[in-house]
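S.K.: For reference, the chains in residue letters:
Protein chains: 2
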Amino acid sequence: MNPYLAAFLDQFTEFSPEERALLGKHLIVNTFEKGTYLVKEGDQISACFFVLNGCLRAYKLVDGQEKTTEFYFENEAAVFYSTVSTPSSAELYLVAAENTVCIVGADTDASDLYSQLPALEKVTRVMMEQDFGKTQARLTHFITSSPEERYMEIMNNRKHLLQRIPQHQIASYIGVTPESLSRIRKRLLVQ
Amino acid sequence: MNPYLAAFLDQFTEFSPEERALLGKHLIVNTFEKGTYLVKEGDQISACFFVLNGCLRAYKLVDGQEKTTEFYFENEAAVFYSTVSTPSSAELYLVAAENTVCIVGADTDASDLYSQLPALEKVTRVMMEQDFGKTQARLTHFITSSPEERYMEIMNNRKHLLQRIPQHQIASYIGVTPESLSRIRKRLLVQ
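Chains as they are written, first to last, in the numbering used here: chain A, 61 to 251; chain B, 61 to 251.
Calculated directly from the structure, the hints in this document are not laboratory data. Please read all numbers here as calculations on a predicted model, not as lab measurements. No false leads were slipped in.
For identical chains, the list gives no copy identity; a pair is met inside one copy or between any two copies.
Derived DSS-like pairs (lysine-lysine); straight-line CA-CA distance at most 25 Å:
| id | residue 1 | residue 2 |
| --- | --- | --- |
| 1 | K100 | K127 |
| 2 | K194 | K182 |
| 3 | K194 | K120 |
| 4 | K194 | K127 |
| 5 | K94 | K120 |
| 6 | K246 | K219 |
Could you build all of it, start to finish, from the sequences and the hints given here?
M.R.: Laid out in structure tokens, this is it:
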């Protein structure tokens with residue numbers, strides 16, 4: 061079994077050793093080199109990606125500029141939910157921001173695995189609820205805060221983002237140009 | 061059975077007449093007068109609200125100002141997902157923006173109902189996926205668009221919002237002051 065997958069499955073006490081082996085056999089783990097595109101705008105997506113190691117970045121191309129909408133780090137799932145129940149084409153790009161190891165799930169496999177592993181339904185529901193909570197929190201924060209407050213939130217709670225992601229990608233992620241982010245950083249350093 | 065609940069359940073062919081009756085018996089339907097608070101900042105929330113008729117508004121209080129983060133109209137669920145698996149106190153207010161009829165769900169009831177109605181698990185999962193998709197789309201749009209583009213998106217796709225919600229609440233929802241929204245509306249009328 062892939063060592064990252066083994067470490068991930070070890071977190072779940074819900075699964076018996078047999079169920080763990082079944083998951084290890086059925087879950088597909090792929091490694092994507094930094095810069096590899098997993099999804100491109102216009103693709104018909106039917107897969108979801110769960111990051112075991114590394115980082116994925118989602119962005120939208122607006123007037124030729126990349127606007128980063130999300131980063132997915134370890135233990136986070138990159139799923140475009142609007143395409144899950146209604147297959148449709150992607151509006152975003154999804155690219156490996158680092159060399160990244162993922163579980164690659166396709167909708168077609170899922171129902172089979174669910175019927176063999178009833179406990180999986182609850183595990184994925186809880187993970188989806190937690191992810192949904194994070195996305196809601198991010199939307200609420202984005203609406204109610206200034207770009208400077210958004211940058212401070214990252215400094216305080218998600219420092220790994222500053223260590224692993226280039227500045228210009230963080231800029232669009234908090235809704236400013238790279239030049240504005242430089243000014244924000246200078247102001248914060250002076251304080 | 062509450063007529064709004066009956067009309068809602070009629071949408072689902074997944075349920076047998078007996079299951080429909082069971083749902084009708086167990087789901088709690090409440091009517092909230094316009095202006096009633098369903099959740100206040102600091103509350104320990106364990107309930108979710110599914111709008112059958114009317115509208116709920118979520119907002120955050122920032123320096124004494126209400127910043128509207130979401131509206132929930134018919135067939136939309138107001139759930140603060142970060143509190144579902146990890147009970148915690150609300151950061152937002154949830155208020156009836158109109159006289160509103162809701163299904164009020166408490167986590168404690170849910171597991172009982174799920175075990176009696178296996179089909180319910182799938183129905184709620186699909187609804188959650190669709191809601192998640194909408195929230196992701198809104199976050200993506202908020203990050204990648206200007207306030208003027210956000211207002212145009214509402215004009216084009218969610219006109220009911222303009223008909224049912226006061227301007228000043230729409231202003232913070234698209235991330236501007238009421239004065240800026242007035243200027244945006246004038247510019248768009250001139251074009």
